[in-house]
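Q: Residues per chain are reported as follows:
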Amino acid sequence: MTPVVELREVGREYQGVVALRDVSLTIGRGELVGIVGPSGSGKSTMLNLIGTLDRPTRGEVRIDGHAVRELSDRALSALRASVIGFVFQQFHLSTGMSTVDNVADGLLYAGVGVGQRRRRAVEALKAVGLGHRLTHRPHELSGGERQRVAIARAVVGRPALLLADEPTGNLDSKSGEGVLRLLRSLHEAGTTVLVITHDQEVAATLPRRVDVRDGRVVGDA
Amino acid sequence: MRDLRPARLSPADVLRVGGVGLRARPTRVVLSALGIAIGIAAMISVVGVSTSSREDLDRRLAALGTNLLTAGPGQTLFGEQAHLPTESVGMIGRMAPVLSATATGKVVDAHVYRNDRIPQTQSGGIAVLAARTDLLATVGATVAKGVFLNEATARYPAVVLGHKAAERLGVAAPNEPVHLGGEWFTVVGVLHPAPLAPELDTAALVGWPVAREHLGFDGYPTTVYARAREDAVHSVQANLAATANPEHPDEVEVSRPSDALAAKQATDETLNALLLGLGAVALLVGGVGVANTMVISVLERRAEIGLRRSLGATRSQIRTQFLTESLLLSALGGAAGAVLGVLVTTAYATYQDWPAVVPAWATLGGIAATAVIGTLAGLYPAIRASRLSPTEALATP
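Those sequence lines, one after another, are chains S and W. One point on numbering: in numbering that gives the first Met the number 0, the residue at position 175 of the first sequence is 174, and numbering is uninterrupted. One point on numbering: in numbering that gives the first Met the number 0, the residue at position 195 of the second sequence is 194, and numbering is uninterrupted.
The hints are simulated quantities; they were obtained by calculation from the structure and are not laboratory data. Glycine residues also receive a C-beta, built at the ideal position from the N, C-alpha and C atoms. Warning: the hint list may mix true and false statements.
To be verified - Only part of the chain S face toward chain W is listed, based on derived beta-carbon distances under 10 angstroms:
| # | residue |
| --- | --- |
| 1 | Ser43 |
| 2 | Leu106 |
| 3 | Asp164 |
Claimed, not checked - Some residues of chain W that are not near chain S, with every Cβ distance over 10 angstroms (derived):
| # | residue |
| --- | --- |
| 4 | Arg59 |
| 5 | Gly73 |
| 6 | Asn114 |
| 7 | His162 |
| 8 | Gly181 |
| 9 | Pro197 |
| 10 | Glu198 |
| 11 | Glu212 |
| 12 | Leu214 |
| 13 | Asp258 |
| 14 | Thr269 |
| 15 | Val287 |
| 16 | Arg314 |
| 17 | Gln316 |
| 18 | Val356 |
All chains, please: the whole structure from these sequences, using the hints.
A: Pasting the structure below:
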């Protein structure tokens with residue numbers, strides 16, 4: 000079975016500044032992995048490369064078996080639409096839309112019709128414990144609830160890989176714990192989850208942690 | 000391994016996504032659509048008002064007939080005032096295609112006053128004309144109050160006033176006396192405005208015999224009116240001068256009053272072109288407003304663009320989203336402007352007592368113009384949005 004994420008001697012330079020060098024990493028299906036490091040360590044660059052939002056300057060990135068180097072921008076968009084779900088620190092919810100429509104947008108670019116998008120969005124919101132918040136606007140929700148809406152949007156298309164970038168960064172510890180619990184339950188249901196964090200406490204609760212420092216992987220356990 | 004091909008958005012989804020930005024900022028939408036609306040409304044109402052006025056003229060001409068011709072004395076070779084022979088009316092009347100002919104003659108020395116105490120110089124610009132009793136039928140004028148001159152009253156001091164002449168003299172109803180050529184005349188009738196013979200509006204009409212006997216009228220007709228058969232108007236017009244004065248056809252001025260009305264309309268059209276140009280400028284300014292709104296929208300929504308890219312939107316889908324938004328914005332303005340333009344036209348036409356007409360090409364042209372403007376205004380911002388790299392877009396707070 001092909002691994003979900005495969006990095007082979009990957010490097011990324013920004014105008015001569017090396018953000019990432021010689022990173023090799025394999026993440027198998029169904030894993031729950033933390034990528035841990037202080038700010039500036041290169042973990043965000045790793046997230047962008049794994050999420051196919053950016054391309055490496057060296058080495059090879061394979062996501063769900065697809066070699067990123069060989070794919071056009073259109074094909075990468077299709078890959079993101081079908082294989083990867085993103086959760087961001089800032090939630091990135093549209094203020095003008097209800098939670099259902101926000102979540103339904105997670106299926107928009109996968110070519111799902113509007114009726115089915117809404118139905119599956121309602122299911123996903125129920126699954127993250129927000130069945131009572133369907134018609135609310137994001138600003139009517141607490142931070143923890145907003146992040147759970149964002150998670151529902153990321154998983155509504157049942158992606159092979161869920162990428163969470165500092166998912167607890169903007170939350171108090173109680174809501175943060177709730178969000179982590181949710182990610183763990185998704186992992187238990189079979190989703191591959193990758194959490195990027197600088198928070199050692201968060202990292203300590205994850206079964207596998209990859210430590211990044213100065214653009215290199217310094218530990219993988 | 001799946002084939003990686005991006006899914007197409009359905010047209011409904013394209014509209015839905017394009018409308019997201021508009022729903023989030025209604026005030027801005029209204030204000031920038033307003034610019035387009037004003038431009039379109041201005042252009043449609045200019046076209047609508049001028050079409051309505053032309054339609055009104057066409058209907059009036061159809062009612063009045065375009066077959067009325069007039070002949071009047073010009074100048075002699077030596078620059079003196081010529082005159083038409085007294086037989087000219089009869090000769091014109093005997094032309095085969097002429098249905099009827101009549102005449103008025105200016106009574107040069109007579110003026111009309113409200114009473115005998117008005118100073119001589121305050122004649123009010125009212126001409127005293129000797130009129131044949133069959134004048135009204137031929138020129139298509141009608142009596143508003145009272146009656147016109149008949150064979151009997153034409154011999155007595157009776158006068159019929161034109162529409163404006165009655166106003167200037169302050170005569171509201173028949174049977175009032177006016178002081179005309181040093182004698183008291185009784186007003187027997189007041190005319191409606193005569194569009195094909197506006198000279199009658201400012202005239203006091205008296206009978207031919209009374210003018211000769213009491214007012215020193217020389218008996219020469221100064222305007223001969225002739226109704227020709229519709230199919231022969233041009234040939235009558237060509238031969239009118241020679242018939243009116245066979246000895247000196249060059250001393251006769253022939254005209255067709257309906258042409259003068261149409262010519263007035265044509266001068267209005269120059270003004271309309273200018274107004275249309277102003278409307279186009281307003282529309283252009285509106286388009287710049289939309290472009291500005293779109294540029295700001297793209298700047299503000301970088302994070303949304305990044306998110307959509309992470310959800311799997313392709314560059315062309317981002318481009319389409321902002322182009323659709325721009326098109327919706329200007330279409331909104333265009334629709335509002337078209338409604339406004341039709342309302343303005345209807346209101347003005349009703350006020351002027353015209354039929355309200357907005358030609359379909361103006362409305363369709365307006366819609367096409369908004370589509371072009373929406374595309375032009377949205378193209379640059381949309382391309383900028385689509386070129387944004389996802390990581391940069393997401394890094395925006």
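Q: State for each hint whether it applies.
A: How the hints compare with the structure:
| no. | hint | verdict |
| --- | --- | --- |
| 1 | Ser43 | 9 angstroms, holds |
| 2 | Leu106 | 9 angstroms, holds |
| 3 | Asp164 | 9 angstroms, holds |
| 4 | Arg59 | 55 angstroms, holds |
| 5 | Gly73 | 77 angstroms, holds |
| 6 | Asn114 | 79 angstroms, holds |
| 7 | His162 | 64 angstroms, holds |
| 8 | Gly181 | 87 angstroms, holds |
| 9 | Pro197 | 63 angstroms, holds |
| 10 | Glu198 | 69 angstroms, holds |
| 11 | Glu212 | 91 angstroms, holds |
| 12 | Leu214 | 85 angstroms, holds |
| 13 | Asp258 | 62 angstroms, holds |
| 14 | Thr269 | 49 angstroms, holds |
| 15 | Val287 | 26 angstroms, holds |
| 16 | Arg314 | 6 angstroms, violated |
| 17 | Gln316 | 7 angstroms, violated |
| 18 | Val356 | 42 angstroms, holds |
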